[in-house]
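The task is simple: from the sequences and hints, build the whole structure.
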Amino acid sequence: MMTILNLMYEFFKTGLFSVGGGLATLPFLYEMSARHPEWFSNADIADMIAISESTPGAIGINMSTYAGFRAAGIPGGILASLALALPCVIIILIIARFLAKFRQNRLVEGAFYGLRPASLAMISAAGLNVARIALVNMEALTNGAGLGEFFIWKAIILAVLIFIGQKKLKWSPLIFIALSAVVGIIFKF
Amino acid sequence: MNSLLELYWTFVKIGCVTFGGGYAMLPILERELVDKRGWTTMDDLRDYFSIGQVTPGIIALNVSTFIGEKRGKVKGAIAATTGFLTGPIIIILIIAMFLRNFADIPEVQHAFAGIRVCVCVLILQAVLRLWKKSVVDPFTLGLYIAVFVLHAFSGLLPVRIPAAVLVILSGIAGILAARHKNGKAAGKEAKGQ
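Each protein sequence line maps, in turn, to chains R and L.
With the working numbering applied, the first sequence covers 592 to 780.
With the working numbering applied, the second sequence covers 232 to 424.
Mixed in with the good hints there might be a few duds.
Here are the simulated lysine-lysine pairs, DSS-like style, with alpha carbons at most 30 angstroms apart [claimed, not checked]:
#, chain 1, residue 1, chain 2, residue 2
1, L, Lys363, R, Lys759
2, L, Lys306, R, Lys692
3, R, Lys761, L, Lys301
4, R, Lys761, R, Lys779
5, R, Lys779, R, Lys758
6, R, Lys758, L, Lys363
7, L, Lys304, R, Lys692
8, R, Lys604, L, Lys363
9, L, Lys244, R, Lys759
10, R, Lys604, L, Lys306
11, R, Lys759, L, Lys267
12, R, Lys604, L, Lys301
13, L, Lys364, R, Lys761
14, L, Lys244, R, Lys745
15, L, Lys364, R, Lys758
16, R, Lys779, L, Lys244
17, R, Lys692, R, Lys604
18, L, Lys363, R, Lys692
19, R, Lys692, L, Lys415
20, L, Lys267, L, Lys244
21, L, Lys244, R, Lys758
22, R, Lys692, L, Lys301
23, R, Lys604, L, Lys244
24, L, Lys364, R, Lys759
25, L, Lys267, R, Lys692
26, L, Lys267, R, Lys758
27, L, Lys363, R, Lys761
28, L, Lys304, L, Lys244
29, R, Lys779, L, Lys267
30, L, Lys363, L, Lys267
31, R, Lys761, L, Lys244
32, L, Lys412, R, Lys692
33, R, Lys761, L, Lys267
Read the hints as simulated data drawn from the structure, not as lab findings.
The structure displayed is predicted, hence computed values, not measured ones.
Written as structure tokens, this is what we have:
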């Protein structure tokens, strides 16, 4: 019981202070593994980064589930994840109320005038980050293998096909995600 | 009750396919929430993403809470958020119990290399979709370029500027620029009279 409460407290704190995306939880996780080596180790964090890249869900949620399970079984896994999400939910509920009241306010309007392009820029940067792993081979630049090696051609062809397919077919993005997984396995991406 | 269940189930589905830091979620949210169900608009979604950058917690989670709140107040927010968490929690519990080396299985690696390609395209489409309404004049274009360069190439800078700081500064710049613009417009009107 104490373990679960302690877990929930630690992950609540992490949820409260990690601003802006999953990787922001990493410094807190490293701190936690130093204080509670029985929950998870630094190597577990590295594994979890790999797992989080290949499963849905953010690293913070995944780590809280994993650590909670290790420390206190299935209830531990569920409760630790809920504790991580709780501060975020509370804060957004407050902001949602505020936003409904002040949406037409000149200051809020002005802030969004700046926030929109900034937020779009960050989405673009996130896209670039994924593209850097998915579409090109950065190592080819440093070992002088030339441009032919730099581009991962089968990935680029798939990307173009998905882009055209989405425009023409109007299928749900979920179908394209599933198809990409199958193509990835068949053509050994 | 039924609508809460629908809310929960919709976000279970969304939570199961949110790869790539939540941004690839945007086209999926657009399809599931704007086109299919009419629960929100693309403009609102975009604003939720902006707010998600400055508030604690994962952006995808923030967006779930916002839409849940809009549909069904506190209960709706809880339904949407727990729905969003359901898939990832079950997947990680299974991995923790049975598949310690999940990420090392070759088929898993190939499948997710394929999914990453799709995520790139989904994010590109989200950006193209939002471009027209976000980048509307020289000020917003300049701000877009500045934030993109500072954020995407933060590794090359001597000090790493946290995303939250960039967002707060952009908000302040927006307030100042909007005031300046309105001031000018008011000036012109006064001259015209």
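Check your understanding: Hint by hint, which ones does this structure get wrong, listed from lowest number up?
Key -> The structure breaks hints 8, 29; every other hint is satisfied.
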